[in-house]
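Which chain is which? The protein sequence lines are A and B, in order. According to the working numbering, the first sequence is numbered sequentially starting from 1. According to the working numbering, the second sequence is numbered sequentially starting from 10001.
No lab work stands behind these hints, which were simulated from the structure alone. Be careful, since some hints might not be right.
[Unchecked claim] So the derived label-pair ranges between C-beta atoms look like this: (1) A/Asp278 with B/Thr10567: 45 to 53 Å; (2) B/Pro10693 with A/Asp278: 26 to 34 Å; (3) A/Asp278 with B/Gln10831: 56 to 64 Å; (4) A/Thr584 with B/Asp10809: 22 to 30 Å; (5) A/Ala54 with B/Tyr10290: 14 to 22 Å.
Heads up, the beta-carbon is just placed ideally off N, CA and C, and yes, glycines get one too.
The residues making up each chain are set out below.
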Amino acid sequence: MSLQVLNACKLGSHSSIFQTIIMIKKLYYTLLSFTIILLTAGCEKVLDQKNLTAINPEDVWNDAGLATAYVNGFHNALMPGMPAGTGNNTDEAVANNNFNVFLYGTATIDSYNNWPYATIRTINTLLSSIDKGSIAADKKEPLKGQAFFWRAWAYFSMVKGYGGVPLILDVQESSMSMDSLKVKRNSTSECFAQIVKDVDSAIAKLPPSWDNNNYGRVDKSAAMAFKARILLFYASPLFNPSGLASRWQDAYNAALAAKEYCESQGKGLMDNFADIWDQQPNKEGIMVRVYANPGATYFTGGLRPYKYSNGAAQDDGPSLELVDAFPMIDGSKWNTLTMNHDTLFRHRDERFYATIGYNGAAPYLADMFTLNENLWTYIKPDGERMDGTCCNTLSSFYRVKMMDRKITQATVSLTSTPWPEIRFAELLMMFGEAANEIGNTAEALQVLYDLRKRAGILPGTDNKYGITATTQETIRSAYQDEAFVEFAFEGKRWDYLRRLRKFDTRFNELKRRHGFQVYLKEGAPAPTGMDDINDYISSFDLVKVATDVLDFNVKPEYYFYAIPKVHIDANPNLAQTKGWPGGTFDPLD
Amino acid sequence: MTPKRCFSILSIIDRAIPVKMIAVAGFILFQMVSIRIVAQTTSVSGTVSDGNAPLPGVSVTVKGSASGTKTDAEGNYRILTAPNAVLVFTSINYVTESIAVNSQARVNVVLKLNDASLGEVVVIGYGSQKRENLTGAVTSIRGQELTQVPASNLSNVLAGRLAGVFVAQGTGVPGVSSSVRVRSDASWNYSPPLFVIDGVVRDKVSFDALNANDIEDITVLKDGASSSIYGARASNGVILITTKKGKIGKPTITYNATYMFEKPTSRPELLEGRKSGEMNNMWSNANLGYTWFGEDELDELKRTGGYNYLDYAYVTPSSTDHALNVSGGNEKLRYYMGGSFMSQNGFLEKLKFKRYNVRASLEAEIVEGLTASMQLSTNYNTRQQPNFGGGDDLSAMYGKLSQFFFYVPPYINGNLVNPGWIGNPIGLFNESGYNNSGSRGLDALMTLQYKIPFVKGLSVKVSYSKNNTMGEGKVYQIQPTLYNYKRTGTTQKIFTDTLLNIVKAPYPSVPTLSTSNSNTGSYQFNTQVSYARGFGKHFLDLMFVSEIYEQTFSANNLTRQHFPIITTDQYFATSSNNADSWGGGSESTVGRTSYVGRLNYDYQQKYLLSASLRADGSMIFAPGHRWGYFPSVSAGWKVSEEEFFRKHLSRTFKQFKLRASLGYTGNDGVAAWQWQDKFVPAGSAYLGNSLQPVISYGGVVNPNLTWEKSRSTNIGIDLATTFNLTMSVNYWNRNTYDILGSRIVSIPTTFGGVLPSVNYGKVRSNGYEIELGYENNIGNIAYSLRGNFGYASTKVIQRDVAAGALDVDNPNGKPLGYVAELVSTGVIRTQKELDDLPENYTIYGAKPVLGTLNYMDISGIDGVPDGKIDQYDRQVISRFSQSTAPYTAGANLGIAWKGVRVSAFFQSTFGYKKLYTDNWGRAFPFDASVTKMWGDMWTTDNTNGTFPKFQGPGESNSAMSSSFWYSDGGYVRLKALTVAYSLPAVWLQKISVQHIDLSFTGTNLFYLSKFKAYDPEIGNLAAYPNMKTFNFGLHITL
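Let the hints inform the model, and build the full structure from the sequences given.
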């Protein structure tokens, strides 16, 4: 194409259009010939545009920075966040308006849909491509390690819900036939084997730790702790109803290895339970999602009393069942028969005060410090509710645990407390639980002592911190009690009950969750501000109320979820889980 | 006209100070008018009539000069001119006459009525054609008719005007446009019709930015043969807009002004306050286990009746519109200048729309045969909304205002009360800053046309168009101040006037100022060679065009938070902390090039043939797949020109024409770059102590991607009778193939990726259109009737379907947009009905109880009824939904008597079912004012209630969409009713004014529909409704 023509393509976007007219007027014969040239030559060059947002595929696997940015994508997609409000679906908290279909027995095959194959594909893409590029091994191996970790994470999240799912470990080409894409479910055991294989690859490739700029990426400690979690699930009654001992041994070995490695990396229990969330980063965090304001924040308005929230409320209101589960300072259990709830806040362990907000509790929110007031949740005779809630205070308890003390009523959507998905205490508990199952009773008990010591429970004369359990069965039970309070509101309860196959019995026996309505007696002195609740015990009537309007009805088939219709429609080779309509797939194979 | 003067126009536009601009434009016009050169030597006078009566207001000009006058009320004129001059007589609706003076002192003229339907010239792609010679399906509307229905954008005006054009106005929010569809969608890849303004391919936004007063006419190319001249993007029809140009004659100045106010067509009907409270109690007792309102609070609700925030926030929407334009000229130089201003206010203080338009057109014959023309236009529009709105129809806002916080007084002692939760809606909308958006368009089109003197019929045309659109947005979010008052009552829902404290509202969470700018620049460069010539009985018209188009787009945005010292909507006041600021942006480019050729041939004006071919190159596709070829052929036979027809039927028919056409069009409406393997930015992730970039794979590529293609056929009849009836009928058929689609549904979900689009789908569509016109008079009462009717439907022939999909979910063989839902058998009213259900009968896992809806058990996982109502029980309950409505109709009735004209314009869309939806879907609006429907729900005391009971815990859900909630969505609407009065010419003559018209127009005055819950055109009970408007207009022509 001639230069003239190119110029014509860009003609007249600027300068004098009218001068052009005059010029053309004078040269109209020239113009005519010019036109004919144009017509025949055309301007195909305009089709050669550049995509201004595209990154060349070859560059990605030759540049550690680009490859890291790619890893950030699936890291972000799979890293769990603060599980605010999940307590309402368990016995940790009372009901809010949310009606859980599994708890009340109306679940359908579409009720649980966790299908992260899109993210798995992005991980497979990295694993199949990165070796073709030129990134140096010291940069490349940690990237691959992260990819293996997150693939294991994605598959484990599915398998613990459905049992076996199809294992896709390569990038399926779009040229593959539809039939070859219609894969079958792998057995649960195959899936666990693959998950463990991936997490082992991750352990081999991940660094012991990351620099400050990369804090929050998964490291070797996280991978080892995760491996313990995987094998503990596989050994637990959910997948191991017959109690195969070898699985417990595997779980024990993994937990022991993780515990020892983490300790070698300086991980351990924080001295003070409340500091786990208030002072981060810290040695208790093994796998942590980092948040910061601005840029990475979340909403906690619903966790606060109405008076200090921004409208939302009712999330994670502790149930009386949870409140009663906290041990006393001497390690003994709360005894409903002999003890009076009027003084339920007296002589409890430190975790109680770091977890439960009760009528008269010390300030724990920025607004309360500013206003100089304790938490007041009672109802005045004229109907006024001190927590500002219009109609119902639910249980009269509030969640104190993990609440950001800097956040105010106006900034509830800007919470940035980092979230430790795996913390050292969980690793200890896994280790101890497995130890108990293989008969290492002393190790199992020591874990309980350590946790209780950290919780401020008095050692007692026998140095057993109130633990009376001695047999495998009673220690098992002691672990369940401990886990309920230690991990309250950490989003672990639902799977914990499923893992132990206590999901249906726990809820169906409980029937409904409970709370208190705290009424100020007519004419009784009413505490306000920083008044000491102990001076006002006799001012209140506590009325126990059931917070569910319907009895629980958890069905046995809910231990393994159904594959939703949308997946089976597209691939009839996916067998439905047993227990659901048309189900043939046995998740215990 | 010197170049200098034109530059002054450019620089004025640059400054873009719209109101001033109109004034300056007026001044320039005055200058232009004054450049007439007149030689006056003799006086000529005479009378102009139509053969029966004198014609007032006829323009009389001297050919070759700008000199001219007009006839008076008796049809007389007098003009000074050269003895050898030629006088030109022009009047709207009459054929222009040129008569040589030949030294006569008196020249009387009889003007012939211009038979609009026959002699009319219609704009077609890259040219124009006499309507009588058209061989494709083309429909058009004159600019004059557009200005009859005032509206903030052109799309809204088109509803019901043109056969086969479907327009849906989803909301009455100022500045929000309607969707426009020509015939049916060609495929499931939505792309709007192609908008071509003065020969330049533009988009719907540019179309809506035009001012109706500046438009000469709008033509819609409907069939494949007519639109295939626009090739690759014409599958969904082409809308051609021609703006006004200068006309030969004395300067004509027109001024139009309208003032309008609005009323909603419908508003949610709510239960009275106490009744709402009692319903809330019923719900809370069942679902929460406690009572929401105490008896004292119910009494308070009875006393207040419940507060409706909408009433407090509501200001009557109104708008004003002013348009001034001037046109005139002579053979050598013609000009048109128009300026307009429109301002529309919505129902809230912060809801505003303003638009300014200026347009100028100049045409000059520079030397014999060489015409240069130039059009410049600029528009500027701004839209203000509260920064809490929820989409174009403001459904988040409007619904909240009507129903939320009905027990909380909005104001106490003039202070905004804090109701908790999201805060006081009135504060959110009126005092939390604003969300402004606007756009500026600056368009220039330069054309040079040369009729080559030594080859008869050959002409060359070069045109260059430069278009710039600048978008701008500014969002200012601050927290309104709210007042907490002491509350009393059993559940603390009675507000006292004891002030507790003053707080900032929870929304927005951080005070923020952000701005965004976008810039779209494009040019289109066309070269066109035409050859049109008759050879005896043969007439040949050849045309060849090359077209180049390039566009660049860039956008950027900046956000800064916190106002440390003073809170004002300026950046200087925001925090200087780096962490409180961020910005972003993007750029992209588009390129297209095309070649077009067309042959029009007729023999004796009797046999008509047209054939065209367009080649389109698009960068959306990979090299090697970029070029698409779109041929068409059409033919017409004017039967009425045949001897036999003349002999036998000419007493009945003036014209009778048969047409048939076949044409190919395309659609490239898919995302660009799908053929290129790439990674793309995908947000950021927080790690360590900073946000780190994220990139993701750009998707599986398909290097073979190419156009969707449609093959359309159309047959038609046009006829005109001697008794003033005209009719045009079209039947059409379109096969769209190679439809781009991704195998999303059929690919197993474990694939994890999205397959790229491939050209595989097929959709067949067909339909017909009828246009009718009739006009006559009884004595001196003239009346007219014009109607149009269109049907369009689609059938999917090949589309992706999941292997295990139920028949009901298989789109093949069904129309696009069919509706599949559970079929409701109605409310379960008696224990017996409940007992008769099978054992373990469930509805989506839950037990039905008395008062809930039951559904037909059609199938289960094994293909037989299974006592479980779930996805397997869905059936096709309607072939068409609102967006694929098959029928449209419009009727315009007009009556004129002396100076009074009345016209009524009805519009209708029907043949589909529509789902009732409100802010809660269809669930119970807990803690809110309750819609009237719930007052008639099933209860033990009202077992005959029309509606099912609300969902209780563990009970089946009656609120999910099912046939129960669908009803016929068809409607007939009196779109516009106009009464206009022209002041008598006798009065006007004294003040040298041609016309003064006064008019009243009411739009959307009423509608009829089986869909009762709300205006059937809007999508949701809570959406800002369509408005009834009452317009008062003044139209002056000088």
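Failing hints, ascending?
Checked against the structure, the hints that fail are numbers 1, 5, while the rest are satisfied.
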